[in-house]
Every structure is written in C-alpha cells, then in structure tokens.
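Student: One line per chain: the protein sequences are A and B, in this order.
Under my numbering, the first residue of the first sequence carries the number -15, and numbering increases by one thereafter.
Under my numbering, the first residue of the second sequence carries the number 102, and numbering increases by one thereafter.
Simulated from the structure, these hints should not be mistaken for laboratory data.
Just so it is clear, the structure is predicted and the values come from calculations on it, not from any experiment.
Careful: at least some of the hints might be erroneous.
[To be verified] Sample of chain B residues at the chain A side, in silico, Cβ under 7 Å: (1) T138; (2) P141; (3) Y214; (4) P260; (5) M262; (6) N323; (7) F373; (8) S377.
[Said to hold, decoys possible] Covered stretches of chain B (in silico footprint by chain A; criterion: 3 or more residues with CB under 8 Å from a CB of chain A, positions within the stretch not fixed): (9) 123 to 133; (10) 142 to 153; (11) 195 to 207; (12) 239 to 245; (13) 282 to 295.
[To be verified] Sample of chain B residues with no beta-carbon within 12 Å of chain A, all distances over it, derived: (14) F165; (15) Q170; (16) R184; (17) I279; (18) R300; (19) L305; (20) D335; (21) Q336.
Think of the CB as a built atom: it goes at the ideal place given N, C-alpha and C, for glycine as much as any other residue.
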Amino acid sequence: MQAPLTHRPTLSLAARWNNFQRRYAPYLFISPFFILFAAFGLFPILFSLYLSFQDWQPTTGLGSMKFVGWRNYTDNLTDPTFWQSLKNTLILAVESGIPQHLIAIPLAIAIHTSLRRIQNLVTAVYFLPYITSIVAISVIFFTLFSWQYGAINAALNALHTVPVIGPLFPAEKVNWLGDPGAVQPAIATVIIWRYTGWNTLLYLAGLQAIPRELYEAAQIDGANRWQQFRFITLPLLRPTMFMAVTLSLIGGFQLFEEPFILTNGSGGPGQTGLTTVMYMYRTYTAYSDAGLAAAMVWLLFLVIGVLTLLNNRIFGRSGLAGRD
Amino acid sequence: MTVSTMAAPQPRTKKATVVPLSRWAAYLLLFFGGLLTLAPFFFMFVFATHDRSDIFQLPPPLWFGDNLQENYRNLLERTPFWRNLWNSLYLAVMTTATTLFFCTMGGFGFAMYEFRGREPLFGLLIATMLIPGTLNLVPFALIMQALGWIDTPRALWVPGMASAFGIFLMRQYIGTAIPRELIEAARIDGATEFGIFRRVVLPLTKPAMATLGLVTFVQSWNSFLLPLIIFRSDQTSTAPLALRSLQGIANTDWGALMCGVALTVIPLLILFVIASRQLIAGLTSGALKG
Chain A
-15 MQAPLTHRPT
-5 LSLAARWNNF
5 QRRYAPYLFI
15 SPFFILFAAF
25 GLFPILFSLY
35 LSFQDWQPTT
45 GLGSMKFVGW
55 RNYTDNLTDP
65 TFWQSLKNTL
75 ILAVESGIPQ
85 HLIAIPLAIA
95 IHTSLRRIQN
105 LVTAVYFLPY
115 ITSIVAISVI
125 FFTLFSWQYG
135 AINAALNALH
145 TVPVIGPLFP
155 AEKVNWLGDP
165 GAVQPAIATV
175 IIWRYTGWNT
185 LLYLAGLQAI
195 PRELYEAAQI
205 DGANRWQQFR
215 FITLPLLRPT
225 MFMAVTLSLI
235 GGFQLFEEPF
245 ILTNGSGGPG
255 QTGLTTVMYM
265 YRTYTAYSDA
275 GLAAAMVWLL
285 FLVIGVLTLL
295 NNRIFGRSGL
305 AGRD
Chain B
102 MTVSTMAAPQ
112 PRTKKATVVP
122 LSRWAAYLLL
132 FFGGLLTLAP
142 FFFMFVFATH
152 DRSDIFQLPP
162 PLWFGDNLQE
172 NYRNLLERTP
182 FWRNLWNSLY
192 LAVMTTATTL
202 FFCTMGGFGF
212 AMYEFRGREP
222 LFGLLIATML
232 IPGTLNLVPF
242 ALIMQALGWI
252 DTPRALWVPG
262 MASAFGIFLM
272 RQYIGTAIPR
282 ELIEAARIDG
292 ATEFGIFRRV
302 VLPLTKPAMA
312 TLGLVTFVQS
322 WNSFLLPLII
332 FRSDQTSTAP
342 LALRSLQGIA
352 NTDWGALMCG
362 VALTVIPLLI
372 LFVIASRQLI
382 AGLTSGALKG
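Pulled out of the complex, with its shape left as it was, chain A reads as follows (with noise of 0.2 Å):
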C-alpha cells in the first residue's frame, strides 16, 4: 500500500510522518484488547496455575502460601463430591446441550421457510429469553416448579386428564426441586429455554448464507426436499453446528447461575443440582481453600479442552475462526 510514496528519491516530512503512523496505527488499534487480556486474563490464569500448587487460605495474607505439590489435584480427584460435581455438570450439560439444538435446528428450518412478514417477529420472539436476566427467569423458574402449588405441575397434571395424549404427562404432582431424581430436568428445563432461541438464531444464520442457487441446482437435477437437507442444508450446516454446539459445550461446563437460584444455593437434595463451578465457588467462598478451587477450574478446563477436541474431530473443519 505504501508502495507509491517510499519509491520516491526524498521524503519531505510530513510525508515521512504519515508512513510512520499509518505503519503503527494498526498496533495501537489493536492493543487495547491485548493489553487488558496481559493484565485481566493471562496474568490471572498463569496465577491460577500457580495458585493449584499452593496452599492457601485468601484470609490469611499472601506471605502464607506453601507450595505442596501436585496435592490440591490429588485431593480434588480423591473427593467423592467433586466427581459428583463433574458428573452432574456432565448430564447437566447434555440433557441441557442435546435438546437444544435437536430443536433449534427444526425450529430455524421452520422460521426460515415460513413467511417473510412474520419472520423477525418470531425470531424475536425465540430470542427474547436470551437477553433476560439468569437471576430473574431463574426466580420466576423456582416458582413454577414448585412442588405443591406450582404452574408447571399443574399444567401436566391437566394435560393429563386429556384423551388420547394423556398418558405421556404424569398424573402425580412431580416433586421439581426436592426430589433428587427430578432435580436436573427441571435445570435443564430452563436451560434449554433460555439457549434454544440463541441456537435458533445461529442456524438461521447459517441456512441464510447457504447459495439459493444450489437449491436450485439440485431442484433441476431432480431432488427431493429430503435429498435436498440431506446433502445441501445438513453439509452446509456443519460449521454452523460446530460453532453452536461448542458454545454450548463451553457453556454447559461453566453452568452457575441457574442451578445456584433453582437450588437456592445449596446443591439441592442429593447434592444433584451441584455443578463444578458451584462447587468451586463453594470451596472458595465458604471453605476459603483458594488452592483447592484453583485446581478444580484447571481439572474443569482440562475436561471442557479434551471434549472441544472431540467436537472438533467430529464436527470441525476451521472452527470459530472460520474462513470467509
């Protein structure tokens, strides 16, 4: 870009001036983010992982740190809670995780073949959960789930009542938030509530951008519609797929706020409403063991890396950077 001007025998100034900013100015642009992440996200995480060989109680002052080792993971992976941790945030995050996206894409599908009018009404009205409150819809949640008097319940008990469908909706009231059997779904119900309108909204994305000609294309070679999904929208989809899903993934593994509210904190009964990060949270705050809970993150980290890895062999290609 600059090659006009640096061909000439003499420079005056000012022209040497703007070859030297606009030579810079690209590094200064970008180094905001790169400066916050040095100082609010690798300077923290390098900490972290210092921090998991430590033991340390926060109350106590810096000067009382003392390196013991691989301890903390060893102690972590000896805790029965935490196993139980981990695997509730696993069937957390896929009877959170599957759902969504089994009915986001049918759901994007729909929205993208029906009317143009109606089109951005129905899609705001899939995002809207998205851009509420976790606190809030979770408080409102914990009222509808609840055992006695709760809409949810009442809502299946009365389709019960209804013929021929009524079988597949229980006749007894489903104890949401007290049983430990029926802790998770309810999570998950909210979840996927919340998460399957910003899923929606990532495929609509991705069928938008597929060529109308190909279609088209296929159309004249004579393909049916089921043809037509199978080998166009489904290949095309893909990226799509791998970018949502792994957002998912990603946050599934760092569930909080919902089961925190939904439980009021306390893990629910059996402790099966108890995530990592909660437990985390827990073993900070309350048992005030930083190097505990520093370890536990970089165990969860590992876990969320191994399955993007496997994500990634199943569904990648270029992954969230894509090429465009």
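Fit chain B to the supplied structure of chain A, relying on the hints for placement.
Tutor: Quick look at chain B alone, frame taken from chain A:
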C-alpha cells in the same frame, strides 16, 4: 462461504414449492413454541401483582392481582432497589461504551491494515474466546483485592472494556461493509489514521455497533458470578445480586421478589423492543458465521 453484509441482508425469493400442509405444520410448531417461550414472562408480571399466598395456591394466578403497590413497598423496604438498578445501569453503560469504542478500533485495525503479526495475533484473539471465564475467577478476585477495587464498579467494567467477540464481530463487519477506497480517499485528503477511524469508520459502523452494544449491555446487566465476588454491600450490589439476596433469606417475600424481578427485566425488554430488528439483522448476517 458467502458473506452478506449486515446493512443489506440478501433478498430472499419466496419459495413456491412449499406444500401448504407442511407450512401449516411449521406455523403450528412456531405458535406453540412461542407460547411456551413467552409464558414465563407472563407469569413474571402476573406474580408481581400478587402476594405470597396468591402466588402459591392452586391453580396459580393466571391474571393480574391488586397487590403491586404493597409488593413495591416491601421491595424498597428490604433492599435499596433503585440504587441497585442504577448500579447495574452504570456498569452496563460504562462497559458498553468502552467496548464499542475499543472493539471498533480493534476491528478496524484487523480489517483494514496489513501488518506484521496480523494473522497470529488474530488467531490468539480467537483462542481467548475458548478459555472458560471461570478459569481466572479466584485470581481475579485477588487482583481486585490487591488493587483495592473490591466493592467498586470499575472492578467489572475496566477488564470488560474490550472483548474478543466484539473485535471479531467488528472486523467481519468493517471488512465487508466499508470499501477500502473510502479509506484511501480519506488518506489522500490528508486525514490521520485516527482521524479516519473517528470520521469515517465510527459513523459507518453504527449498525454493527447497535448489535454489539445490545449484546454487551445485556451481558453486563445479567452478570452474576463476578459481581457476587466483587460487591459486598447492599449499596454497591447490582439488581441480580439484590434479587438473590431477597431469595436467600429464610422468609422470602415472594411478592416483593417478583416485583424486583419484573423491574430488573423491564429495562432489557424496552431496550430489546427498540433494538431487536437491528440485533437480529446484525447477528444473522455475516457477523457470526463459522
């Protein structure tokens, strides 16, 4: 992969081949799905107008009651709720304003310049998006303690001034929506690089800024775990924290809590009504494609 611009979504031709029956099935699906999506909002506002005994009765109240004033009074008795809403607003506005400025700048840098290290730096930026936010929670709290920023909003908005997602979004938008010739023309007219950013790029990226601004605002407004660690007093805490503290106490006043819930959500709903068209257009076109 094609990239459409945010400003002009690809015009789609109506499909004549859709079977009416399947279209009705799609409508039905969309309608009932929408109903389920909206139901909790409905209950939110209905519950805000009832007292505890009404909320927990069978069947649950399905229409508005007359207890709103009482709930509102109780809410303000238990927490300085307007103060908390103000804290949330202050935090969200500061985060959003700075994020818009720095992310547009970063996006411009990545989209419009050739410079040594551009690709690896952009790769690094993308990689940071994959790092779970919880990874640095404990040291984050310690740093804020060391800086003396506990119980101050800057503990949250200063680290949030620029986001990888925001720069990614802005780079995509600026790269597709602003012609390079325009930048060159400004240079020939003698504008400095920062002048180009301020006079040419900033005004032209408004549509993408609306999207990023709304997403950032909502995220900041909703954040819970970090504020939970940073804010320790009633006066400094944000609206979600106030709701949590209302729920946590032994004898929860559900009416007051619901009133607080509604007050926390209403600003977001208003913002969404104003900006939803822009947001959806921004998110569905170009910006987020994998």
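Student: Taking the hints in turn, state whether each one holds.
Tutor: Here's how the hints hold up against the structure:
{"no.": "1", "hint": "T138", "verdict": "6 Å, holds"}
{"no.": "2", "hint": "P141", "verdict": "5 Å, holds"}
{"no.": "3", "hint": "Y214", "verdict": "4 Å, holds"}
{"no.": "4", "hint": "P260", "verdict": "4 Å, holds"}
{"no.": "5", "hint": "M262", "verdict": "6 Å, holds"}
{"no.": "6", "hint": "N323", "verdict": "5 Å, holds"}
{"no.": "7", "hint": "F373", "verdict": "5 Å, holds"}
{"no.": "8", "hint": "S377", "verdict": "5 Å, holds"}
{"no.": "9", "hint": "123 to 133", "verdict": "holds (count 5)"}
{"no.": "10", "hint": "142 to 153", "verdict": "holds (count 4)"}
{"no.": "11", "hint": "195 to 207", "verdict": "holds (count 4)"}
{"no.": "12", "hint": "239 to 245", "verdict": "holds (count 6)"}
{"no.": "13", "hint": "282 to 295", "verdict": "holds (count 4)"}
{"no.": "14", "hint": "F165", "verdict": "15 Å, holds"}
{"no.": "15", "hint": "Q170", "verdict": "20 Å, holds"}
{"no.": "16", "hint": "R184", "verdict": "17 Å, holds"}
{"no.": "17", "hint": "I279", "verdict": "14 Å, holds"}
{"no.": "18", "hint": "R300", "verdict": "14 Å, holds"}
{"no.": "19", "hint": "L305", "verdict": "16 Å, holds"}
{"no.": "20", "hint": "D335", "verdict": "16 Å, holds"}
{"no.": "21", "hint": "Q336", "verdict": "19 Å, holds"}
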